[in-house]
Amino acid sequence: MVFGLWGFLRLGANLIRLCNEMKRGAQRVVVAV
880 MVFGLWGFLR
890 LGANLIRLCN
900 EMKRGAQRVV
910 VAV
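Going by the working numbering, the sequence shown opens with residue 880, and the numbers climb by one from there.
Note that these hints are calculated values from the structure, not bench results. You can take every hint at face value.
Restraint-style ranges between C-beta atoms, simulated for each label pair:
id, residue 1, residue 2, range
1, 892, 912, 26 to 32 angstroms
2, 882, 905, 33 to 39 angstroms
3, 882, 904, 29 to 35 angstroms
4, 905, 885, 29 to 35 angstroms
5, 885, 912, 37 to 43 angstroms
6, 911, 881, 43 to 49 angstroms
7, 886, 907, 30 to 36 angstroms
8, 882, 912, 42 to 48 angstroms
9, 888, 908, 28 to 34 angstroms
10, 906, 886, 29 to 35 angstroms
11, 908, 885, 32 to 38 angstroms
12, 884, 904, 29 to 35 angstroms
13, 912, 884, 38 to 44 angstroms
Glycine included, C-beta positions come from ideal geometry on N, C-alpha and C.
Given only the sequences and the hints, what does the whole structure look like? Please build it.
Have a look at this one:
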């Protein structure tokens, strides 16, 4: 149970980080254009 919760939290953190990186990349593309 605890291990599953920990894995879920790690997955959520990875998704948030990925989303932030995508936003940053999108801003770069907009600036480049």
